[in-house]
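Peer 1: Quick note on the working numbering: the sequence shown kicks off at 45 and runs consecutively.
Worth flagging that the hints you see were computed from the coordinates, not collected in a lab. Beta carbons: idealized from backbone N, C-alpha and C, even for Gly. Just to be clear, a hint being listed does not mean it is correct.
[As the list claims (entries may be wrong)] Each computed DMTMM-like pair below joins lysine to aspartate or glutamate, with the alpha-carbon atoms no more than 25 Å apart:
no.: 1; residue 1: 150; residue 2: 196
no.: 2; residue 1: 150; residue 2: 78
no.: 3; residue 1: 150; residue 2: 203
[What the hints assert, rightly or not] Here are the simulated distance ranges between beta carbons:
no.: 4; residue 1: 92; residue 2: 241; range: 45 to 53 Å
no.: 5; residue 1: 52; residue 2: 75; range: 14 to 22 Å
no.: 6; residue 1: 203; residue 2: 101; range: 48 to 56 Å
no.: 7; residue 1: 119; residue 2: 52; range: 42 to 50 Å
no.: 8; residue 1: 245; residue 2: 207; range: 13 to 21 Å
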Amino acid sequence: MERGLAARRAIAEAEIERLVAASLALSERTGALEPRVSEIVREAGLSNQAFYRHFRSKHELLVAVLDRGVELLAGYLAHRMERAATPAARVREWLRGILAQALDPKGAQATRPFVLSRGRLAEAFPAEVAASERRLTGLLHAPLAEGAASGELRAGDPERDAEALYWLAMGFVQAQLTREGGPSRTRESGPSRRDAEALESFALAGAGLAREGSGPDGA
């Protein structure tokens, strides 16, 4: 019985993973976060029955898709931050990682559906969207506190400062990805990149740190 239950759980988890991955792939290709159920199951190679075995509605799947998208972004930001030697440098890398979502064509293509649908998702799933945003801002709490303790950054409220940096950076991303041309516009090396560097200087000055090095590069 135990082996049978474990096998069924593994099959269910694999089907859910395929549905989430299919939704992410469709969103990136089409630029829309809400593909039709028929498109999702076709992309996943599953049936409608399999879909409704795990999700009561497409909106329930969107919560899982949102969680996966945030998980990927948080992992990317954490990887950038791990390479930084000081708390202040980790804050800088977090900021550049967020801004890269608008400047790097691949990142922009993946991020745009979430940006365009953020208001609708927040209205339908306020707790889930708030939790996803805390997952990203939470990466800043320790380096902001450590930077303040070491004198690299100004003393402040790490949670409030992290939220301010998040809204400043995500406001830029949203503005860039909703302008005419969408993600294709981010292939330009002109205004978008210069604007990002100006925002970085402004944000870091607010945190008590002068900007150094090149601007966001999406690396």
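Peer 1: Now look at each hint and say whether the structure bears it out.
Peer 2: Here is what the structure says about each hint:
no. : hint                   : verdict
1   : 150 to 196             : 33 Å, violated
2   : 150 to 78              : 19 Å, holds
3   : 150 to 203             : 30 Å, violated
4   : 92 to 241: 45 to 53 Å  : 48 Å, holds
5   : 52 to 75: 14 to 22 Å   : 36 Å, violated
6   : 203 to 101: 48 to 56 Å : 33 Å, violated
7   : 119 to 52: 42 to 50 Å  : 29 Å, violated
8   : 245 to 207: 13 to 21 Å : 20 Å, holds
Violated hints for the displayed structure, listed by number in ascending order: 1, 3, 5, 6 and 7.
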